[in-house]
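S.K.: Sequence:
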Amino acid sequence: IEDDSRKIKDGYIFVATEGFNVDHFDYIDDAIANGAIAIVADRKVNCSVPIFVVDNINDYYFELCSKFYDVNFDEFEFIGITGTDGKTTTASVITELLEDVERCCYIGTNGVRIGDELLSTNNTTPCVSELFSYLKFVKERNCKVVVMEVSSESLLHNRLKPFRFISCGFTNITEDHLNVHKTIENYRNAEKSTSFDDIDVDEDMEKYRVEKVYHTKGTFHQELDLRGLNKSACAHYKRFCVCRLKPMFRV
Numbered sequence: 001i002e003d004d005s006r007k008i009k010d011g012y013i014f015v016a017t018e019g020f021n022v023d024h025f026d027y028i029d030d031a032i033a034n035g036a037i038a039i040v041a042d043r044k045v046n047c048s049v050p051i052f053v054v055d056n057i058n059d060y061y062f063e064l065c066s067k068f069y070d071v072n073f074d075e076f077e078f079i080g081i082t083g084t085d086g087k088t089t090t091a092s093v094i095t096e097l098l099e100d101v102e103r104c105c106y107i108g109t110n111g112v113r114i115g116d117e118l119l120s121t122n123n124t125t126p127c128v129s130e131l132f133s134y135l136k137f138v139k140e141r142n143c144k145v146v147v148m149e150v151s152s153e154s155l156l157h158n159r160l161k162p163f164r165f166i167s168c169g170f171t172n173i174t175e176d177h178l179n180v181h182k183t184i185e186n187y188r189n190a191e192k193s194t195s196f197d198d199i200d201v202d203e204d205m206e207k208y209r210v211e212k213v214y215h216t217k218g219t220f221h222q223e224l225d226l227r228g229l230n231k232s233a234c235a236h237y238k239r240f241c242v243c244r245l246k247p248m249f250r251v
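Its first residue numbered 1, the sequence shown is counted upward by one per residue in my numbering.
Hints were generated in silico from the structure; no laboratory data involved.
Hints may be right or wrong, so weigh each one.
Quick list of simulated restraints, FRET-style, between CB atoms [what the hints assert, rightly or not]: (1) Glu140 x Asp10: 22 to 28 Å; (2) Val22 x Val53: 16 to 22 Å; (3) Asp100 x Val49: 31 to 37 Å.
Below, a list of computed lysine-lysine pairs in the DSS-like style, where the Cα atoms sit at most 27 Å apart [said to hold, decoys possible]: (4) Lys7 x Lys139; (5) Lys161 x Lys67; (6) Lys136 x Lys9.
Note that the Cβ used here is the ideal one computed from N, Cα and C, for glycine as well.
My request is simple: use the sequences and hints to build the entire structure.
M.R.: And the structure:
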């Protein structure tokens with residue numbers, strides 16, 4: 001199942017979703033040429049393969065992927081980390097901490113990881129069909145907790161619309177992604193997605209922005225730059241202090 005005609009192979013079903021910048025309905029012929037055996041769309045079209053017309057094509061795509069991959073959101077507990085800088089570090093640290101008490105999956109820039117198993121990803125937050133295939137991978141390994149990097153672009157494109165996170169983390173907003181969002185206001189609005197509706201970006205941007213991470217080992221304290229810290233550099237530290245603009249909380 002795929003909504004990107006460029007990724008279609010022999011035997012695939014092409015779902016002609018309505019994208020943020022493009023209507024995939026316009027690429028039905030390309031999908032068929034690449035091997036699609038059926039089309040799912042929100043309007044009729046004459047083509048050489050069966051076509052199934054549905055309402056709310058984008059919502060139906062989630063439902064179709066859920067059934068195809070046998071994945072139910074209720075089977076998982078999602079923790080999402082969003083923001084411009086620090087998503088990879090924060091999600092990696094949370095995953096490391098949680099793995100001390102239960103099996104946990106990380107999904108983000110560094111791939112999909114459960115224990116020693118690692119799959120590569122093309123995006124920080126995978127596209128819909130890929131994400132469901134990864135969740136099937138997670139389910140087959142009896143893992144329920146998923147720590148996910150959530151890009152602002154994935155929120156803008158409603159890639160995570162049906163997801164509900166038990167916990168959300170917001171790091172910061174800078175001007176790095178204005179090529180996508182054009183303005184800071186648009187960027188903030190993207191972060192106020194329904195998936196992240198518990199985050200007040202306007203307030204949390206000042207009140208909860210993560211500035212620095214300190215690792216502690218015995219009596220030794222060293223300040224670490226959150227943006228420059230990678231997973232391997234902090235994997236052997238199990239206690240962290242996250243410094244916010246106001247109080248400091250020990251994790």
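S.K.: Given the hinted pair lysine 161 and lysine 67, is their Cα-Cα distance within 27 Å?
M.R.: Distance ~17 Å between lysine 161 and lysine 67 Cα, so the pair holds.
S.K.: Could one say that the CB atoms of valine 22 and valine 53 fall in the range 16 to 22 Å?
M.R.: The hinted range 16 to 22 Å holds for valine 22 and valine 53, with Cβ atoms some 20 Å apart.
S.K.: Take a quick look at whether lysine 7 and lysine 139 sit within 27 Å of each other, Cα to Cα.
M.R.: Within the cut-off at roughly 24 Å; holds.
S.K.: How does the Cβ-Cβ distance of aspartate 100 and valine 49 compare with 31 to 37 Å: does it lie in that range?
M.R.: Roughly 51 Å apart at Cβ, these two residues miss the hinted range, so it is violated.
S.K.: Are the Cα atoms of lysine 136 and lysine 9 separated by 27 Å or less?
M.R.: With Cα atoms ~20 Å apart, lysine 136 and lysine 9 stay inside 27 Å; holds.
S.K.: Assuming the hint says 22 to 28 Å, is it satisfied by the Cβ distance from glutamate 140 to aspartate 10 or not?
M.R.: With a Cβ separation near 25 Å, glutamate 140 and aspartate 10 satisfy 22 to 28 Å, so the hint holds.
Consistency with the previously given hints fails for number 3 only.
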